[in-house]
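Asks: Quick note: the sequence shown, position 491, residue 490 per numbering that gives the first Met the number 0, numbers continuous.
Note that these hints are calculated values from the structure, not bench results. On a predicted model such as this, the values are computed, not experimentally measured, just so you know. Keep in mind that a hint or two might mislead.
What the hints assert, rightly or not - List time: in silico DSS-like cross-link candidates among lysine-lysine, alpha-carbon distance up to 25 Å:
hint	residue 1	residue 2
1	K116	K58
2	K442	K432
3	K58	K45
4	K169	K91
5	K432	K169
6	K116	K91
7	K45	K91
8	K169	K45
9	K432	K208
10	K208	K169
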Amino acid sequence: MLAKLSTHPSLRRCAVTGTAGLALLGTGLPAADDPPPGLARFYEQKVRWSACAGAEIPKDLQCGKVTVPLDYSRPEQGTLDLAVARYRATGKSRGSVLLNFGGPGGQGVAQLAVGGKDFMGLTDGYDVVAFDPRGVGRSSPVSCGNASGEALDATDGNADVTDPQAVLGKLRDAAAECAEHSGPVLPHIGTVNAARDLDVMRDALGDDKLNYLGFSYGSRLGAVYAAQFPDRVGRMVLDGVDTLTEPLAEQGVVSAQGQQTALENFLTWCTEDIACPFGRNAREAREHVVQVVESLDEEPVPTDFGEEFSGQDFAGALAQGLYSRELWPSLQRAIARLIEDGDTRGLEAFLSGGFLLPPLRAPHAGLTDPEDVPLDNLPAALMAVNCADDPDRPAAAQVGRELGRLRARYERASPVFGRYRLTQVLMCYGRPKGTDFIRDEVKDVDTPRMLLVGTRGDPATPYRWTMETAERLGSSAVVLDNRGEGHTGYGSSPCVHRKVDAFLLYGTLPPDGSSCGSDHDTE
């Protein structure tokens, strides 16, 4: 899945510097009962919780950290600290349920701080825990600086594709800039390692089994965990189910198409309001959006941080704001501020995928300070994880042959988001080949039964991905058919919410293939 996050204002920008080479991601293997050699000290740790600081942070939210190896194959070579947060159980606790909100690149701590009320029902039986995965938020965040400009040059319709080596050279330059800005964590980012981190967190929280609720990309993480650690799976829910097999280039087209549909729905809603910055005609509004993207690409506007806000930044901000109708009023106001006053701050908040981050205090040294989280951390982490998870890397000649066709295909999928999505795919071509573990090994998992929620009108993770992934995971997968609209079902469908909570709290699974409709349940 190429991107999904609910967004909230706001992150401040500050460059992160460092150097790193890129390396192949190793495949994962099922864990033994005892920690592998060299990992015992990570499995023996316990989280030290304290109240999260910050006037606007919920008083009952606690913060902590979990330390993991930088490189699981060489655990003595360095460590990472991962930010975690929790709401404690209000009833008798049976342990923790871990949440991942998607992305990849989603900041779990920030999302839990702003959206915790949606999960309060689970505190009847669990501590509700979220985390910033490696490379994300305060967990050694990655950044690409201005590298996306190099990749955008390759997607420019005027670019010379007769010299594929020159095209690949730009993409390699972009990858090198990402490495320069990201530090040593970059070669070790990816879902295979994130799943290993998840198992260390499980143990640090004192849980024998992982109880888990993963949204969108979080479903990929959950599936990979199930393949690596089948004996440690407790109650697992995957909502907005990601593909495990579709090549990244195909995922990009799906994302562009889904976001174009979401944009058109947003514009239909917006143009019913006299305050809509695009006017009152939906067709003209669609043309206006394209004009804004093109205008900003030609003449970016300055931000408060002294950098430029381009048309592709605008497309990225739109992409983040469109997935939830609850965000549409805020998105409309942010667009109006840009068009009327040249004020980019509201859209930068969407682009960052961030929220107010709890300030740090001891004993959480080792985590990144909120003001040092780069503004581009979300797209940089998204690309890093997706590239690490995808083994396809075309040869130079193939890039030259296919780039023009890819441009046209993505532009047909969306005149607004096509180039933005294609750039994210092309950024992988300058990086080493990713792991084939997910595509080849995540299948027929021998775990307790897990619940997969697919939404028929999901613009980001199409319903067919739910069915394909369920078939791939095998008899452990139970599908709940949410016959609604929007990305994921837990936050928008009371029926889905009720069935997910019943499974996590009491182990009550709906029948495979049962459904939630707009007004009633059917079996």
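Asks: If a hint holds in the structure, say so; if it doesn't, say that too.
Replies: Verification of the hints:
1. The suggested pairing of K116 with K58 holds, with an alpha-carbon distance near 13 Å, which does not exceed 25 Å.
2. With a C-alpha separation of about 21 Å, the suggested pairing of K442 with K432 holds against the 25 Å cut-off.
3. Distance check on the hinted pair: K58 and K45 sit about 22 Å apart at the alpha-carbon level, within 25 Å; holds.
4. Among the hinted pairs, K169 with K91 is inconsistent with the structure: their alpha-carbon atoms are about 56 Å apart, more than 25 Å.
5. Simply put, K432 and K169 have alpha-carbon atoms about 17 Å apart, close enough for the 25 Å limit, and the pair holds.
6. At most 25 Å may separate the alpha-carbon atoms for a hinted pair to count; K116 and K91 meet this at roughly 19 Å.
7. A threshold of 25 Å between alpha carbons decides the hint, and for K45 with K91 the separation of about 20 Å falls inside it, so the pair holds.
8. In summary, the hint linking K169 to K45 is not supported, as the alpha carbons are separated by about 45 Å, beyond the 25 Å threshold.
9. A threshold of 25 Å between alpha carbons decides the hint, and for K432 with K208 the separation of about 32 Å lies outside it, so the pair is violated.
10. For the hint linking K208 to K169, the alpha-carbon distance of about 45 Å lies beyond 25 Å, and the restraint is violated.
In summary, the numbered hints that this structure violates are 4, 8, 9 and 10.
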